[in-house]
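Participant: Those sequence lines, one after another, are chains H and Y.
Under this note's numbering, think of the first position of the first sequence as 1, with each following residue one higher.
Under this note's numbering, think of the first position of the second sequence as 162, with each following residue one higher.
If you're looking for bench data, these hints aren't it; they were derived computationally from the structure.
In this text, all values refer to a predicted model and were calculated from it rather than measured experimentally.
Think of the CB as a built atom: it goes at the ideal place given N, C-alpha and C, for glycine as much as any other residue.
Do not take every clue at face value.
[To be verified] The calculated lysine-lysine pairs, modelled on DSSO-like cross-linking and capped at a C-alpha distance of 27 Å, are: (1) K8(H) - K351(Y); (2) K73(H) - K220(Y); (3) K234(Y) - K248(Y); (4) K234(Y) - K214(Y); (5) K66(H) - K201(Y); (6) K220(Y) - K66(H); (7) K317(Y) - K8(H); (8) K234(Y) - K220(Y); (9) K301(Y) - K340(Y).
[To be verified] Not everything, but these chain H residues come out facing chain Y in the computed CB check (under 7 Å): (10) H7; (11) V39; (12) N42; (13) L65.
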Amino acid sequence: MKCSELHKQLFSYLEGELSENDVRCIDNHLEECASCRSVYNNTREAWDALREEEISYQPFFYTRLKQRMENRKNRTAPNLARIGRAILQPAIYFVILGLGIYIGVHLGQGFEPQDETVSTTEQINYIEDYAKSQYLNGMELEWVEQEMLTEHQTENTENNE
Amino acid sequence: MTDQEIIQGLKNRDEKTFREFVDKYQHMVINVSNNFVHNKEDAMDIAQEVFIKVYDSVKSFREQSRLSTWLYKIAVNKSLNYIRAKKRRNIFTSLDLIFENKNHNPVENMADDQEISQEKMESEERKNLLIKAIDELPEKQKTALTLNKFEDLPYKEIATIMDISVTETGVLINRAKNKLQKKLVEYFKKY
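If we strip away everything but chain H, and leave its shape as in the complex, we get (with noise of 0.2 Å):
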């Protein structure tokens, strides 16, 4: 027997799942190879060592889970007061927007439509008077301060008499 035949009925052979021949065969190749004795030994004892680990009976393991659930339970009633925070904050300021623009909606159909020739002329009446008192005309300005001193002359006369 070859050493990679016997690699290949490793697990086989740990097992117990080979006939006696083949048993036999690889018994006779463990005897004679020194390197496949060690692969086969470390081999089965690692899968001894694994097959054997075993966790033994947990006396407070129910306690442990019982407490496991109690801190879920816990735990779960802020967890949905947050989450209905989440969902209520929001909500709740889309009704305030929508009942907002609602309004404004109905609110903006109450007004009638204005004359619009009237308005366009009473603004631009409303424009030209604006444009005359921001920008006086030099002329003007002139003959009201003649005017002024005129008026100012006319007090001081009626002053010294």
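Dock chain Y against the given chain H, drawing on the hints supplied.
Facilitator: Chain Y alone, transformed into the frame defined by chain H:
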């Protein structure tokens, strides 16, 4: 108490039944989880999650399979989820180790500060090499092999737990065995 009575009691939210159910199956659930994660504390943690899941979803259990099969199914899924999450965490840990310039080899670094005998250390090392080899198998092959070789479950029950055919179960176990053999020969030749 029969499984039928347990299921009925659990559906009625009976506290005494839940306690009996946990006491009856805790050994099985903890050990199947341990066969996947190979860590006692993690296995206990996963087992708790399994019982919570059963408690939460027992009302939807249609009793088409045995209670133990259903428990195996949940335990396997929870264990695999745990392993996936751990792998994701390990990517970041590996990055940390690269930046810290440390060599992280679970086998080489194992029990550095512990005073244990040479023989025990070698035995632990061998076991860890086998665990490493099993962990490197594809998920389905690992699941089928673990349930068959460490839980001694027949192909038919494994097929039900994994939602596959019996033939597929056999194929998965054979492939897993062949890959594992190759890896172990590789490891133990140098040993």
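Participant: Is the straight-line distance between the alpha-carbon of K317(Y) and that of K8(H) 27 Å or less?
Facilitator: Satisfied, since the Cα-Cα distance of roughly 26 Å is no more than 27 Å.
Participant: Does K73(H) pair with K220(Y) here, judged by a C-alpha cut-off of 27 Å?
Facilitator: Holds, because 19 Å separates the two Cα atoms, which is no more than 27 Å.
Participant: What's the verdict on K66(H) and K201(Y), does the C-alpha distance respect the 27 Å limit or exceed it?
Facilitator: Judged against 27 Å, a Cα distance of about 19 Å means the pair holds.
Participant: Verify the proposed pairing of K220(Y) with K66(H), using a straight-line Cα cut of 27 Å.
Facilitator: Distance of about 19 Å is within 27 Å: holds.
Participant: Under the criterion that the straight-line Cα-Cα distance not exceed 27 Å, is the pair K301(Y), K340(Y) satisfied?
Facilitator: holds (13 Å)
Participant: Verify the interface restraint on H7(H): the C-beta must sit less than 7 Å from at least one C-beta of chain Y.
Facilitator: holds (5 Å)
Participant: A closest beta-carbon separation below 7 Å is what the hint needs, so does V39(H) meet it against chain Y?
Facilitator: Holds - the Cβ of V39(H) comes within 7 Å of chain Y, reaching about 4 Å at its closest.
Participant: Regarding the hint that L65(H) lies at the interface with chain Y, is the smallest CB-CB distance below 7 Å?
Facilitator: Interface hint status for L65(H): holds (5 Å vs cutoff 7 Å).
Participant: K234(Y) and K220(Y) were given as a pair; does the straight-line alpha-carbon distance stay at or below 27 Å?
Facilitator: Since the Cα atoms of K234(Y) and K220(Y) sit roughly 17 Å apart, the hinted pair holds (cutoff 27 Å).
Participant: For the pair we were handed, K234(Y) and K248(Y), check the Cα-Cα distance against 27 Å.
Facilitator: With a Cα-Cα distance of about 21 Å, the restraint between K234(Y) and K248(Y) holds, given a limit of 27 Å.
Participant: Hey, K234(Y) versus K214(Y), does the alpha-carbon distance stay inside 27 Å?
Facilitator: Status holds; Cα separation ~11 Å.
Participant: Would you check whether N42(H) satisfies its interface hint, that is, whether its CB is within less than 7 Å of any CB in chain Y?
Facilitator: holds (4 Å)
The earlier numbered hints are all upheld by this structure, with none contradicted.
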